[in-house]
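For this one, chain H is given, so just place chain S on it according to the hints.
Chains as they are written, first to last, in our numbering: chain H, 1 to 534; chain S, 1001 to 1072.
Everything labelled a hint here was simulated from the structure, so no lab data went into it.
Hints are supplied without guarantee of correctness; some may be wrong.
Just a few of them, taken from the derived set where beta-carbon distance is under 7 Å, the chain S residues facing chain H [said to hold, decoys possible]:
| # | residue |
| --- | --- |
| 1 | Phe1007 |
| 2 | Ile1018 |
| 3 | Ile1022 |
| 4 | Trp1034 |
| 5 | Ile1041 |
| 6 | Ile1044 |
Computed beta-carbon distance windows for the label pairs [said to hold, decoys possible]:
| # | chain 1 | residue 1 | chain 2 | residue 2 | range |
| --- | --- | --- | --- | --- | --- |
| 7 | S | Leu1019 | H | Gln175 | 22 to 32 Å |
| 8 | H | Gly114 | S | Arg1071 | 49 to 59 Å |
| 9 | S | Met1015 | H | Arg500 | 12 to 22 Å |
| 10 | H | Met302 | S | Ala1065 | 57 to 67 Å |
All values reported here derive from a predicted model rather than from experimental measurement.
Here a beta-carbon is modelled for each residue, glycine too, at the ideal position from N, C-alpha and C.
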Amino acid sequence: MHDITVVDLSRWQFAITVLYHFLFVPLTLGLSFMLAAMETVYVTTGKQIYREIAQFWGKLFLINFALGVATGLTMEFEFGTNWSFYSSFVGDIFGAPLAIEGLMAFFLEATFVGMMVFGWDRLKRGQHLAVTYMVALGSNLSALWILIANSFMQNPQGATFNPATMRMELTSFTQLIFSHDAQAKFVHTSIAGYVTGAIFVAGISAWYMLKGRHIELARRSFRMAVLFGVLSTAGVITLGDALGFVGGQAQPSKLAAMEGLWKSEAAPMPFNLVAFPSQKEQVNHDQLQIPYALSLLVTHSMDGTVPGFDKLEQQAVVRIKNGIPAVEALQTLSSKPGDAAALAQFRRHEKDLGYGFLVQRYAEDVSKATDAQINTAARDIIPEVAPVFWSFRIMVAMGLAMLAFFVLAVIFSLRNDIERQRWFLKIAVWMIPVPFLACETGWLVAELGRQPWTVYGVLPTWMSASTHSVGYMIFSLVGFVGLYTVFIVVEMYLMLRAIRKGPDEPHGDDTDWDSDPMLNNSAKAGRLAGYAEG
Amino acid sequence: MKTFLLFVLFMLIAMLVILLAIVLGASGAWYFAWLVGTGMIVLITAAGGAMLDTQDEHANLTAEARTDAKRA
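Looking at chain H on its own, in the form it has when it is part of the complex:
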């Protein structure tokens, strides 16, 4: 029997390392395609400033990329060290995309990053542009495979349990890759990275404009960032809905947690805009509702309903009772592999094997599980509702705030008077952390909402961890937190230093802007206002 403290510590360790890692990933995903757009303008117009713009943002991309790789490497090993039962149980499926991701990251992405950085004077313009596109494609395709692996955990497709080998085996690679969850999750995550890259570039460009430094670089970068951002934000919201729609069908308990849905209701269901869910009492306190909205949002119809936890718990009791004979059959098959009766029993109940495992936490001999133990196991299907509920709302609120920000930014930028909107430039700087927080809360919804499963409906979390000692887990947890904090500090230091230094060639500083023939009068007026203020 697993020590639950070890399981919890393993979860904490993975959560902390992945949340640290995901501070770097979205910026890599987004900035890479922004670099491609900037360099496209350089290649098509031949204007030198766009080369310098691409080189400057490329330098920040490189800092972020290096630390992203460093923090990502350890996570792949964590599956083996801390989640050994999980790795052995679903390694056949999970390992394939993870291996392809490694190959993509190290051979495609890393090779082209090297060529992008060192190839400016060695490659022709078009060749270098192709390399930059390959970096962007490599970064995003590398994320694709990780997200396919994660989608298998959310909605297991293309695999079946083999009682002869006692583990899950891949039956359809196509189903694994093209599952609706994988598709929606990849695009949602990738485009969330675009939004992060756009806000990052817009925020730093705004800071330069506020300081009156590198104005020509900043104006162009800001224009491109806000266009990139407004389109991406519309995409990320659309895909967020698609992911909710697909995920809600595959993981009804996550959807119920996101909506604080304790009791099933008749259509059209209201949406809880604000509520304070109580896990103990299984009710929401002080809720503010929007009539009809939930049915529309999650079923895209006025007469659609989704089950609440009351119904899901009842279903879980039935499924646990059906899963117990499957676990019993497996126990027989492990000692007598050819037992035909046990195999037949397993086949009849294999659909609910995972639910049978749920009760094993409370009754090692599942054949003697009492009704009370079955009910306790059934209640386990309810994840921690309050953090899922609030993380989801924070993510959505940030997404809408970013859309409003980008729409206004596009108006100012297209009117070419962004430099005079100093209040807005200050907001742009303060917007930089927002997409990072939105990404982190998004992952909290995805992973906390999946509990109590590592693979939804198939493998409970309590079974998945390795059998380390509590002391070992605390020691390694402290070590990881310390190491990753150092990585964050190093990243912040290098980034801030590079930003303060600016591009290698100054553009539009107060020393040369007056003679710049490309600068219009409104830009000059805005800059003068900036100098007067600051």
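Okay, now just chain S, sitting in the frame of chain H:
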């Protein structure tokens, strides 16, 4: 006020586009959409950068023309 009205108009357009996409593609071919969408986003972004240069050039030419007219 004009900026606010433009903001409201653009937000409504954005919301309409999102709503349309939601209605049309609850479980669509998202990989394909990503491929096409990313290409479009990158090209519009690049066009936006080039457009800024054109706007600057146009503004400078207009300012020069006004100065010439005053001198004449």
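Against the structure, the hints come out as follows:
For Phe1007/S, the interface hint holds, since its Cβ comes within 7 Å of a Cβ in chain H; the closest pair sits about 5 Å apart. Hint status for Ile1018/S relative to chain H: holds, with the closest Cβ pair at about 5 Å, below 7 Å. A cut of 7 Å between beta carbons decides the hint on Ile1022/S: the least distance to chain H is about 5 Å, and the hint holds. Among the interface hints, the one on Trp1034/S holds; its C-beta lies about 4 Å from the nearest C-beta in chain H, closer than the 7 Å criterion.
For the restraint placing Ile1041/S at the interface with chain H, the shortest Cβ-Cβ distance is roughly 5 Å, inside the 7 Å limit, so the hint holds. The restraint placing Ile1044/S at the interface with chain H holds, with a minimum CB-CB distance near 6 Å, inside the 7 Å limit. The supplied range of 22 to 32 Å is met by Leu1019/S and Gln175/H, whose beta-carbon atoms lie about 31 Å from each other. The hinted window of 49 to 59 Å between Gly114/H and Arg1071/S holds, with their beta carbons roughly 56 Å apart.
Between Met1015/S and Arg500/H the CB atoms are about 39 Å apart, so this pair departs from the stated range of 12 to 22 Å. A beta carbon spacing of about 59 Å between Met302/H and Ala1065/S agrees with the range 57 to 67 Å that was offered as a hint.
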